[in-house]
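Novice: One-letter residues, chain by chain:
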Amino acid sequence: MKAAIFDYVRPRDLAEAARLLADAKGGAKLLAGGQSLGPMLNLRLARPRLLVDVARLGELRGIEARDSAWRIGGGVTHAQIEDAAGRLPGAEVLCAVAAGIAYRAVRNRGTIGGSLAHADPAADWPLALAALGADIEICGISGARTVAADRFMKGAFTVDLAEDEVVAAVSVPKLSGGARWGYYKFCRKTGEFPEASAAALFDAERRSARVFIGALSGAPQRIPALAAAIAERGAAACTREATEAAVTAAAPDLDVIDRRMHAAVLLRALQQVVRA
Amino acid sequence: MTPIAMNVNGQRVEALVEPRTHLADFLREHCRLTGTHLGCEHGVCGACTVLIDGAPARSCIAFAVACDGFDIRTIEGFDDDAIMQQMREAFSREHGLQCGFCTPGMLIAARDLVLRLPAADERRIRVEMSGNLCRCTGYVGIVNAIRSVVEARRAPGETGAPEPPPATTPAAASFATFAPTPSAASAAAATAAPAATLAKQGWTRFEESFVVKRPPAEVWRIFADLPAVAACLPGTQLGEHDECTVRGKMTVKLGPIVAGFAGSATIERDEATMTGVIRGAGADSGTGTRTKGEVTYRLSPGDGGAATRVTVVAEYSLQGTLAQFSRSSIAQDLGKRLVGEFAANLNARLGAVGAAPPPAAPASLDAGRLLWAWLKDRLRRLVGR
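Here the protein sequences come in this chain order: G and S. According to our numbering, the first sequence is numbered sequentially starting from 503. According to our numbering, the second sequence is numbered sequentially starting from -11.
To be clear, the hints were calculated from the coordinates, so they are not data collected in a lab. Heads up, a few of these hints could be off.
What the hints assert, rightly or not - Taking lysine-lysine and the DSS-like style, the derived pairs with C-alpha atoms no more than 25 Å apart in a straight line are:
1. S/K280 x S/K237
2. G/K656 x G/K527
3. S/K324 x G/K656
4. S/K237 x G/K527
Build out the structure end to end from the sequences listed, making use of the hints.
Specialist: Structural data, given as structure tokens:
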């Protein structure tokens, strides 16, 4: 399987990338790690006229500590985040999530910004960053803007991104020392896209209780009532019945098998949080 | 053609390449390094794994033009490598291969594992190697071979402590309860019961309804106005039409995929029951997908006759490349978005009070969920289930 013909350009900076995307009027695709786009090109499901390769842009590559957040460049690879274990105080969860994405050969090239912009419903970053309350920094020809991660994804493969816009970075709030988080996904084969996934963050200092389920038909869904109940009552609120009810409310269209699977996965993520 | 230069196994290679040439083809056909094998050619099987700037990567989904200036190391470039020497011997000794097709990728991934995870136990080895598929060995020999190299490289007396599992929450105190800040965005009012979906064999069906803030008689007239209806349907281009037949094209955007279905339909309308039936068929030449289907709409008065409830039932089948996604939940996702956008556009067109302004360009319907399911399914079939 060989890709259909396309042109290729490697812009010098983000501004040039945005301009190239705008000039192509929808005929261009941004190429970062290419771990999702590459297969689609080879299968000729995607036939862009132009690939704009931003994989090497220094502007997208940094991991920086800010006062209360970590700023991860959109072009940082999953492997770089995985290998930062022990060096991201307050964002250890990112390293654990990154380590569970696909396979090392994929993580070496796939990027956090690419994963967010691609918006596969079963991908890890849209779910994890929604639960963490991250912000997404977007850069386009008319300037920069910021969108909350839990509002960025509009549906399957659909995000709040104009043709000329690029995910420049994500800003992940540092968790306080006592924060607890849980992350669980069920894959039929290690490294494959999950059938169900769930992420939970409980940070008492910031009074933050955020629980999301992923691998649905569209964007990750928030589970607010159960999150509040667990924050207030702990393990007592973390039951199979409660997760089944929460999944039914958040995703009423699931069939009985999917509902069970999502409820079990949510329960396991929450058990990571409340276990002694 | 684009000029590129890269280091392949320590030797500088310069060439003119088409941007669409992937790295594996470049290595095999330009450099004549045929040790890099192509299995699935879309990043699933791992047979084509090479080192790009020292890190394992799939060479079938990396484009040669994007590797301009990089150091590439293929299986032919490890003759003098001590770990690879050990690994080759271990694979032979432990029967880590039969046909040998996956072996170049296996060896490169295994060498990287040994370097990164010197304390890996069997479970970790299996997890780490899960991105490389072998259809002969059942993996037992491969895992044994890698384990023997890991153990041989361990200092005498050193125990094979497994890698710590991925960090979870620091095992500090037990969970302390707290009163959370109420979340501003309470869960979307997702209370609607799923529509019953009883479709013909191999067909998908969905039912959706929406309200137009105009009386039924006016909406009924608008529905007869095909250019007006088409203008409200995202991605639709109307062709030749009369009262009961129509030709046209509908573009559906699936993430990076754009499929344009060209086709024709017949329309039957029954004024007494305010019901219409549209039957049609179309094909997308780009993806080689054919579709046929039937859409029924029914208008009923709402809000004391000032508004109209429109109920839409759609049933369709797909054949061809994109056909794998005909699961009902996917159709619902697609249908809801399509009907939702149609309703918003229609309300905007009718100038209904409180309606959202019309979107700038209803270019096409984004139905990425279909693609997602399709890829998942394909991936699954590829790994043999």
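Novice: Does the structure break any of the earlier hints, and which numbers would those be?
Specialist: none
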